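Work out the full structure, taking the sequences as your base and the hints as a guide.
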Amino acid sequence: MSTAVIAASSTEDLIAGLRSKRLTRTQVLAALAAAGATAAGAVLLVQAVENSPGTPATTPIVQSHAVKSLAPTTSQVAMHQRHVGMQVAGH
Amino acid sequence: MLDYHDDAVVNDPLFGKPLVGKLAIATHKTAEMIALSEITLEVTDRWTMGSDLTAIWEVTGVHSGPYYNLPATGRRISISGATVVTRRDGKITQETLYYDADDMLRQLSAEAAEPLNLPEPSEMAAQVDPELDLSEPAELAAQGDADQA
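Each protein sequence line maps, in turn, to chains E and L. In terms of our numbering, the first sequence is residues 1 to 91. In terms of our numbering, the second sequence is residues 1 to 149.
Everything labelled a hint here was simulated from the structure, so no lab data went into it. Treat the hints with caution; some may be incorrect.
Unchecked claim - To spell it out: a stretch of chain L is covered by chain E in this simulated footprint if at least three of its residues, at any positions, have a beta carbon under 8 Å from a beta carbon of chain E; those stretches are: (1) 47 to 54; (2) 72 to 85; (3) 90 to 100.
As the list claims (entries may be wrong) - Chain E residues, not near chain L, derived (Cβ > 12 Å throughout): (4) THR11; (5) SER20; (6) LYS21; (7) ARG22; (8) THR24; (9) ARG25; (10) THR26.
Owing to the predicted nature of the structure, the values given are computational and were not obtained by experimental measurement. Heads up, the beta-carbon is just placed ideally off N, CA and C, and yes, glycines get one too.
Laid out in structure tokens, this is it:
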């Protein structure tokens, strides 16, 4: 097997290669190290990728513009404001 | 939220679809801030390759508030992972997170808790209080312009 460090244009390219099995773990680790990652950092990234189910990027969902369509009671921000308010009030 | 382009995309393994747009991203970040207190973030390594920046991190915090439908447990949680960020004109256009989402949910879930019920990414913007002003404060916007000059 060749030990030459493969050329990659981005970390995302390496991750895509790892996920598609075009690249081996060893190749990815070597390329990350060449980019300046520490050995521990490179291993942690590969582990994080392997533990992460990933998000399909083929069908992005664009944000809704119907901002006023939901009642304010469902707002996370409003929940936060109430939570903070209760803490301030000593509850 | 000043670092994100209006049409930025965040890929988080928690969601089945990308979060697209500043409002959707802000909603999710707010949910995280609601859930955790005493937050520490340690970046243990980072590097650049091409147009992207990668950071290896560990976050700890106390689950002191609700996380979407999951009630607070009061437990201290710890999550490690990586983030790959791509910028354009100094602002984030894409952010992809890699971490063990199942492990995070185990830490956030009380026994016999209901499963996490996330809103659809397309409805995230609708979760934001319409009265909330997400525009950049003038002084920070001016500072950002100066930084890019």
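Against the structure, the hints:
1. A count of 7 residues in the stretch 47 to 54 of chain L with a Cβ less than 8 Å from any Cβ of chain E is obtained; the coverage claim is therefore met, three being the minimum.
2. Residues of the stretch 72 to 85 of chain L lying with their CB closer than 8 Å to a CB of chain E number 4, which satisfies the three-residue condition for coverage.
3. Coverage of the stretch 90 to 100 of chain L by chain E holds. Counting CB-CB distances below 8 Å, 5 residues qualify, and the rule asks for three or more.
4. Against the 12 Å criterion, E/THR11 falls within the reach of chain L, whose nearest CB is about 5 Å from its own CB.
5. Distance check for E/SER20 against chain L: the nearest CB is about 16 Å away, which clears 12 Å, and the non-interface claim stands.
6. The Cβ of E/LYS21 lies farther than 12 Å from every Cβ of chain L, with a closest approach of about 17 Å, so its non-interface assignment holds.
7. Chain L leaves E/ARG22 outside its interface by the beta-carbon criterion, the shortest separation being 17 Å against a cut-off of 12 Å.
8. Every Cβ of chain L is farther than 12 Å from the Cβ of E/THR24; the closest lies at roughly 18 Å, confirming the non-interface assignment.
9. With a least CB separation of 15 Å from chain L, E/ARG25 remains clear of the 12 Å interface cut-off, as annotated.
10. For E/THR26, the shortest C-beta to C-beta distance to chain L comes to about 17 Å, beyond the 12 Å cut-off, and the non-interface label holds.
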